[in-house]
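Asker: Here is what each chain is made of, one letter per residue.
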Amino acid sequence: MLLNPKTPLVFGIIATAALSGYLFVRHPIPDSLSRAHAQFIPGTDIYSCKECHTEDGLKAGCLSCHTEIAGQLDTKQGYHAFLARNEGFDCGVCHPEHHGKSFPLVSSLSWPGGDPNAFDHPHCLYELDGRHDRIACSDCHVDKLTQVFSLPRFSQYPRASTFLGLNQDCLACHVDVHAWPSEKACLDCHDQNAFDPASAFQHDNVFVLEGVHADINCSDCHPIPSIDRMEAATKQRTPGSIPYHKVNGKTCEECHTNPHHTVWNAGCENCHLGRDAKWSDGLRGIDTKSHETTSFSLTDAHVTVACQECHANDADYNQRYPDPRADGYQRQLQNCQGCHEDIHAGKLKQTCTTCHQISGWHDKHLLFEHDRDTTFVLDAVHKNLTCQECHAEGDLTYRAEGTECTECHKEQYNALRGRTKSLQVDPDPHFDRIACTDCHDMNFPRQSLVRYARRCADCHNDQYTQLAFQWARTLEKRRSEIERLAGKDNVASEQTREDLSEAAECGFHHLQLTRQLYDRLLQIVQEEETGKRTSQKENAVWTGH
Amino acid sequence: MPTDKDKQPFCMPSAILVLGLLAVGALLACFIWKWDYYMVPQPRRPFHVDFNILRPSGRLGLIWGVVGAVLIAFNLSYLLRRFLIGWHWLGSLRHWLGLHMITGLIAAMAAILHSTLTVSSPLAALAFWCLQLTTITGLVGMIIYMRLSLSVEKRQIQGHKPSPKIKRLLQTWRFLHRWLAILLLTALILHIFVSVRFGDLWILKGIP
Numbered sequence: 001m002l003l004n005p006k007t008p009l010v011f012g013i014i015a016t017a018a019l020s021g022y023l024f025v026r027h028p029i030p031d032s033l034s035r036a037h038a039q040f041i042p043g044t045d046i047y048s049c050k051e052c053h054t055e056d057g058l059k060a061g062c063l064s065c066h067t068e069i070a071g072q073l074d075t076k077q078g079y080h081a082f083l084a085r086n087e088g089f090d091c092g093v094c095h096p097e098h099h100g101k102s103f104p105l106v107s108s109l110s111w112p113g114g115d116p117n118a119f120d121h122p123h124c125l126y127e128l129d130g131r132h133d134r135i136a137c138s139d140c141h142v143d144k145l146t147q148v149f150s151l152p153r154f155s156q157y158p159r160a161s162t163f164l165g166l167n168q169d170c171l172a173c174h175v176d177v178h179a180w181p182s183e184k185a186c187l188d189c190h191d192q193n194a195f196d197p198a199s200a201f202q203h204d205n206v207f208v209l210e211g212v213h214a215d216i217n218c219s220d221c222h223p224i225p226s227i228d229r230m231e232a233a234t235k236q237r238t239p240g241s242i243p244y245h246k247v248n249g250k251t252c253e254e255c256h257t258n259p260h261h262t263v264w265n266a267g268c269e270n271c272h273l274g275r276d277a278k279w280s281d282g283l284r285g286i287d288t289k290s291h292e293t294t295s296f297s298l299t300d301a302h303v304t305v306a307c308q309e310c311h312a313n314d315a316d317y318n319q320r321y322p323d324p325r326a327d328g329y330q331r332q333l334q335n336c337q338g339c340h341e342d343i344h345a346g347k348l349k350q351t352c353t354t355c356h357q358i359s360g361w362h363d364k365h366l367l368f369e370h371d372r373d374t375t376f377v378l379d380a381v382h383k384n385l386t387c388q389e390c391h392a393e394g395d396l397t398y399r400a401e402g403t404e405c406t407e408c409h410k411e412q413y414n415a416l417r418g419r420t421k422s423l424q425v426d427p428d429p430h431f432d433r434i435a436c437t438d439c440h441d442m443n444f445p446r447q448s449l450v451r452y453a454r455r456c457a458d459c460h461n462d463q464y465t466q467l468a469f470q471w472a473r474t475l476e477k478r479r480s481e482i483e484r485l486a487g488k489d490n491v492a493s494e495q496t497r498e499d500l501s502e503a504a505e506c507g508f509h510h511l512q513l514t515r516q517l518y519d520r521l522l523q524i525v526q527e528e529e530t531g532k533r534t535s536q537k538e539n540a541v542w543t544g545h
Numbered sequence: 546m547p548t549d550k551d552k553q554p555f556c557m558p559s560a561i562l563v564l565g566l567l568a569v570g571a572l573l574a575c576f577i578w579k580w581d582y583y584m585v586p587q588p589r590r591p592f593h594v595d596f597n598i599l600r601p602s603g604r605l606g607l608i609w610g611v612v613g614a615v616l617i618a619f620n621l622s623y624l625l626r627r628f629l630i631g632w633h634w635l636g637s638l639r640h641w642l643g644l645h646m647i648t649g650l651i652a653a654m655a656a657i658l659h660s661t662l663t664v665s666s667p668l669a670a671l672a673f674w675c676l677q678l679t680t681i682t683g684l685v686g687m688i689i690y691m692r693l694s695l696s697v698e699k700r701q702i703q704g705h706k707p708s709p710k711i712k713r714l715l716q717t718w719r720f721l722h723r724w725l726a727i728l729l730l731t732a733l734i735l736h737i738f739v740s741v742r743f744g745d746l747w748i749l750k751g752i753p
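One line per chain: the protein sequences are A and B, in this order.
The first sequence begins at 1 in our numbering and counts up one residue at a time.
The second sequence begins at 546 in our numbering and counts up one residue at a time.
Heads up, a few of these hints could be off.
[To be verified] Pairwise CB distance ranges (calculated):
no.: 1; chain 1: A; residue 1: Val10; chain 2: B; residue 2: Gln587; range: 31 to 41 Å
no.: 2; chain 1: A; residue 1: Asn86; chain 2: B; residue 2: Val594; range: 17 to 27 Å
no.: 3; chain 1: A; residue 1: Phe154; chain 2: B; residue 2: Leu624; range: 33 to 43 Å
no.: 4; chain 1: B; residue 1: Leu624; chain 2: A; residue 2: Gly43; range: 35 to 45 Å
no.: 5; chain 1: A; residue 1: Ala17; chain 2: B; residue 2: Val594; range: 39 to 49 Å
no.: 6; chain 1: B; residue 1: Phe592; chain 2: A; residue 2: Asn86; range: 21 to 31 Å
no.: 7; chain 1: A; residue 1: Asn117; chain 2: B; residue 2: Gln587; range: 18 to 28 Å
These are calculated hints, taken from the structure and not from any lab test.
Beta carbons are placed, not taken as given, at the ideal position from N, Cα and C, and that holds for glycine.
Only chain B is shown next, with the shape it has when bound in the complex (with noise of 0.2 Å):
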């Protein structure tokens, strides 16, 4: 049963907030650093001094990767949360989704990190693609939610239920972010078997 925090209007708990901001921060901080890096055009990086360092599969860039997996990972934990409704020692959906959000910000920027603004091979472009359309598409809901649940509190006041409109609303939206959310899973799956599989060279050995 959803706790009484559940029923509250959405807000996000500052905690996570501030190191949500401080995490998109520092990422914000790498980009505008290495920001010589990622405006070389693409032919011209293996010549850059930092290409070793930031490419998808340098040291940095690989972590970026890895982190941006790990967070997708870890966001779709609140889809876990979500189903094991009962399990209020895993803390409350309010911060399940408040986590959700960070994370799956934090991963589309690590995203956009690991890829060094170029996708090139058709399955990360989609991952890739996948993810920011997910990210947006969670962006555009977090704040249909937070619309949602100011009427919601005027609806307990007022007595009103959600129109249709809101409904439709919500059911599109849920469909394009799940859609994309499954996409993206897959291709991201398949992105990390065949860079294992098939770029355990460069990955492991630190080829260019």
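So here's chain A without its partners, still in its complex pose (with noise of 0.2 Å):
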């Protein structure tokens, strides 16, 4: 009865292997899939089971897929890649699969121990403590970090979001307040728990703060960042502190502009310490050698000059140390006046070094020479006179009267032209005949009347001799005549004294007009002699004698 075709159970049974047939094509699945999984996989028969349970198992069918995951097994990193080191890594381990459309594939089943806020980030080259230990993981895992992936296959769909792609590197979710690039790991001066302050972080390690440094602002070093800089610094810094911004280096030059016109061969440490307290405080490295390094060697009697000497300690530092480069510079050191004044008044064609040297400006210092440095050779004559003799007391110009002897010796010239102030002949018949030097040998300071004597006969003959002897006797005789009556019972007023000099320095120079003057002195002085005697006599009868 069971196997009559007849029986309605037969067909009973046909239809029930047909159901269980197509069921077990069509729908074989435990349950549906995920939505994620549902929307490329929307089939449920027996062949859609295959994209996924691969003949190389179910690994390789959602590595087919997530491109992504083979890419962090190849490359061996992520945390896939530290599971992948498990024998029996599977995928359906953490993301299950057929519990329905609703079912989360990244789930609390994703992470060992169940919760996501308990995993300790095991494939990670540190181990995550302190604040990273505490914020919660959508604080890292955030798209703005991570580069949110399509899978190539499924391009249309893209990833709204994910745990993947995050980079271990601090900077990779930290902003660098720094602004700079690192020459230090994060680590060094961070820790963990908090971005400020850095706890590992000594600033003497890097820079060291003493003297000055010590004492001002951080911001002083650390210019203020950018306003989007800032931005970011703020929220990664506590209220109050400042953000650690770029130094422009750690040499003094990358900070400081350097005030010096020149260009030291050494360092800025050289002579400025970073335990100074103020910058004039450098000048301890300046000596006579450093000094070379300018422009002017200090030298002889400019090394005992005292520094403010040159660079006043009141002026300004480019008045101080003027830019030797500049225009109108003059402190060279062969320019004497660009430092000192010209006491002679720039009416001395010489350069100063060439009578004055750096060890002095007076006595053995000096390399004046009068026939070398002037335009007047000193003979034998002029050799031993003083200088005030020729150049007037006090004038540093040391102007003289002139270089030819009429520009000095008037009195005689004025006698050779037959002139003199109370006196006026004619000239001497040698009067513009002959030269002073026809007569005077400038070799003899003190030439004798023998010589005087000579020079008349060489141009006259020899009786010449003999009457400038005579001459001179009565010159001298006339002379000596006026002053025994004038010293004699001191009558000789003050014009006779001028005259007899007059007469003196007449001399030679004009005989005739010589004469004449002591003809004049004479009588003068005897009229004085008779007049005082008269007037004795007179004052002797007056008062009873």
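Join the two chains into one complex using the hints; note that each chain is given alone, in its own frame.
Answerer: Here you go:
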């Protein structure tokens, strides 16, 4: 009966087998896929199963689509690569499927222990500690820090978020508020408890703060960053602290403007030390050797001069240390007037160093040679004269009357011309006919009468030698007479003495005039003598003598 | 030939009844013991602490499935005993019928525990519901047979024959029960095949 084709049971069996077969082929899955997978594998037939359950296993099926995971496994990076080191690694352990469309593929089942917040990131190169251990997953695993990807086969379905792709470098999450390529690892200064303060940071390890550097404001070296950087930095620092921004550098020049006009051979630290309270303390490093770096070497007398003599303390820097390259700079070693006042008032044509040397101005230091440095050679006659005999005392321009004989010896010259203050006669016969040196031998400071007489004979004849002696005796005789009369009773008036001196100066330069001067003086002296005696007699009469 | 006991009105053997009730009670106790899990909505069950044990492919859930399948296979052996009607050394048909009923009931309960009250796969659902319906029809059949046994006893006393109405009722029940049983067997075989063939990964490796 059971096998009777006419029995409805047979048709029931056939229908049952057909239904079972249909379900087996078309709907064999235990439960629907999650929404993410169901959109790619809409079918529920047995062939759809093979999309994931491949001949090589489930993992191969997963990785055929999840190339981002396959990439991690290939490069041995990321948490999946860490898990793959364990034998039996399978995708379904952490991402179970067939639990309905609403079932999340990334859930608490995806983490060891079932608590995502307790996930200790065993694959990380560093242990999550401190604040990293307390913050929420989403604080790090956010879109802005990781590149949201699309699977190549399903590019029309970009991922909204992912835990993948977060770099373990600090700067992958944190903004580099330092704003310059760090030479150190972040953890050399910061720990994971707080960004600010940087617990391991010691400023002295980077730049020793001493001296004036210990007292200045942080912002003096760390300039205020840009607004964008400031905002980013503000989020990661405690209120009131400064954004540790880039300093220009550690060398002096990188922060400080070099005020020196001199290109020193040595570095700043050769003179200026970090512990210095002020820049001028760096003067310790200035000595004669270092000063040679400037265009002005300190030698001789300049060594003993105090610095402020040339570099006045009360002047600003540029005035104290003017730029040699600037226009009008005069502090050259060869230009004494750049520092020293020219007491010669610029009247001397020679340079300072012609006469002076750095070792000193006067005395033994003086290089002045009259014969070399002036247009007037001091002969034997003039050599023994004092300076003041030609140059007015106190006149540092050392101006003389001239270099010609007649420019200084004017009385003698006037005598030749027949001119005195009191008498005017015809010029001497020699006037404008012979030179001074025809009579005066400049090799003899005090020329004897004999030599003068010989000069007369040189032009005239030998008789003039005797004549010269006679004239000399005559003039001397008259002079003596006058002096005798004038000095005997002390009657010589001031005028008489001047005239006597004038006559002496006139001398041989104009014999006729000289004789007249003496004659007149003798007459005056004699008259004064006579008048004196008469007066004395009259006084005696009147007084009863 | 039916033995004298077979001609007696049907009555569940006491030992089988006691063992069956103990088994049913144990299964019911398990069901109550893990009540919190079975009440969790299906999408949230993977997060339950007992999921790996009680899920169909879990350590205990899979045992329920295996127990159910074995009991179903044993249950169907009653048909073989009926076919081998002369093999009295296998035991009386009365006992076999009692085992058939008890194993069917236990298998249905084991299937409930195995399914965790959730059948999402169409094939598994087909097997599950066929089992449940077959069990229900079996229970209905047991009631019919028990009543029919009493009427047979009366007929033997009063000399009456079964009425055509009862015959039609028996034919209808037999058709329905057999049809469901066949459907159950087919679906169960495919369910086992699919589970072993495609679900070996989870079953053998314990992956949810």
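Asker: Now, for every hint given, state plainly whether the structure supports it.
Answerer: Here is what the structure says about each hint:
1. A C-beta distance of roughly 38 Å is found between Val10(A) and Gln587(B), which places it inside the suggested range of 31 to 41 Å.
2. A hinted range of 17 to 27 Å for the beta carbons of Asn86(A) and Val594(B) is consistent with their spacing of about 23 Å.
3. Evaluation of the 33 to 43 Å hint for Phe154(A) and Leu624(B) yields a failure: the beta carbon distance comes to about 52 Å.
4. Separated by about 38 Å at the C-beta atoms, Leu624(B) and Gly43(A) satisfy the suggested range of 35 to 45 Å.
5. Remark: the range hint 39 to 49 Å for Ala17(A) to Val594(B) is upheld by a beta-carbon distance near 41 Å.
6. Between Phe592(B) and Asn86(A) the beta carbons are some 23 Å apart, a value that agrees with the proposed interval 21 to 31 Å.
7. Restraint check, Asn117(A) to Gln587(B): a C-beta distance of roughly 26 Å satisfies the suggested window 18 to 28 Å.
Comparing the model with each earlier hint shows a violation of hint 3 alone; every other hint is respected.
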